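Based on the provided sequences and hints, a complete structural model is requested.
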Amino acid sequence: MHSLLSTVQQLGWYFLTVMLGLFLHGFGTIAILFFLGTRRLPYKFVAKLSQVLATAFGTGSSSATMPLTIKCLDGMGIDPRVTRFVIPVGATINMDGTALYEAVAALFIAQYRKVSYSFGTVIAVSHSSIYGAAGIPQAGLVTMVMVLDTVGLPAKDVSLIIAVDWLLDRFRTTINVMCDALGTILVNHLSKNDLKDHPVNNAEPHEMVEFCVEKE
Numbered sequence: 001m002h003s004l005l006s007t008v009q010q011l012g013w014y015f016l017t018v019m020l021g022l023f024l025h026g027f028g029t030i031a032i033l034f035f036l037g038t039r040r041l042p043y044k045f046v047a048k049l050s051q052v053l054a055t056a057f058g059t060g061s062s063s064a065t066m067p068l069t070i071k072c073l074d075g076m077g078i079d080p081r082v083t084r085f086v087i088p089v090g091a092t093i094n095m096d097g098t099a100l101y102e103a104v105a106a107l108f109i110a111q112y113r114k115v116s117y118s119f120g121t122v123i124a125v126s127h128s129s130i131y132g133a134a135g136i137p138q139a140g141l142v143t144m145v146m147v148l149d150t151v152g153l154p155a156k157d158v159s160l161i162i163a164v165d166w167l168l169d170r171f172r173t174t175i176n177v178m179c180d181a182l183g184t185i186l187v188n189h190l191s192k193n194d195l196k197d198h199p200v201n202n203a204e205p206h207e208m209v210e211f212c213v214e215k216e
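Counting in my numbering, the sequence shown runs from 1 upward without gaps.
There's no promise every hint is true.
Said to hold, decoys possible - Taking lysine-lysine and the DSBU-like style, the derived pairs with C-alpha atoms no more than 35 Å apart in a straight line are:
{"no.": "1", "residue 1": "196", "residue 2": "48"}
{"no.": "2", "residue 1": "196", "residue 2": "44"}
{"no.": "3", "residue 1": "48", "residue 2": "71"}
{"no.": "4", "residue 1": "44", "residue 2": "71"}
{"no.": "5", "residue 1": "156", "residue 2": "114"}
{"no.": "6", "residue 1": "48", "residue 2": "192"}
{"no.": "7", "residue 1": "71", "residue 2": "192"}
{"no.": "8", "residue 1": "44", "residue 2": "192"}
{"no.": "9", "residue 1": "196", "residue 2": "71"}
It should be emphasised that the hints constitute simulated quantities derived from the structure, not laboratory data.
Please read these numbers as outputs of a predicted model, since none were measured by experiment.
Pasting the structure below:
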């Protein structure tokens with residue numbers, strides 16, 4: 001019983017650590033980078049993306065949310081050439097929320113097994129998980145097996161985090177989608193002059209989406 005309570009307590013700290021990391025990354029690190037690139041805070045844009053983020057949380061899939069993300073960004077006036085390039089690429093390889101989760105999960109399991117790793121190993125784990133995860137629900141568990149094998153931990157230890165993974169998956173997917181959208185807005189801002197110099201004559205007009213655009 002004591003061992004069970006200790007495991008539950010450790011799992012609770014693991015859950016809180018991942019949640020805190022996702023919050024600081026999404027609303028701290030990304031906000032600073034966005035401000036440095038655009039000289040604007042991203043929170044107004046995040047508010048306009050509320051329907052997209054709710055869908056990402058509900059489905060747990062960045063790929064399933066992709067059409068709505070593109071629609072919403074079109075409604076916000078983002079150049080469709082940018083959205084249709086950045087969003088699909090971001091949904092495939094920009095898994096920053098997943099990378100954070102996988103690194104914390106690997107450290108949690110390692111500490112549970114009383115194994116220590118260097119800072120370089122943690123960085124390698126984070127980068128490998130960015131490109132290995134698919135944009136489908138709970139894909140992180142699949143790549144987690146690969147990560148555990150890479151760092152020399154038994155794959156069966158992934159069972160330690162299954163109890164809370166279904167909920168963490170939704171939060172990290174929301175962060176992934178939010179960062180994809182903000183990255184698209186940033187790319188559009190940085191390349192707006194080049195886009196004006198190369199107009200597309202047959203481009204379709206932006207489709208306005210009511211829930212994505214604030215009424216003036």
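Going down the list of hints, with the structure as the test:
no.	hint	in the structure
1	196 <-> 48	holds, 25 Å
2	196 <-> 44	holds, 25 Å
3	48 <-> 71	holds, 12 Å
4	44 <-> 71	holds, 18 Å
5	156 <-> 114	holds, 16 Å
6	48 <-> 192	holds, 21 Å
7	71 <-> 192	holds, 19 Å
8	44 <-> 192	holds, 20 Å
9	196 <-> 71	holds, 21 Å
When each numbered hint is compared with the structure, no violation occurs for any of them.
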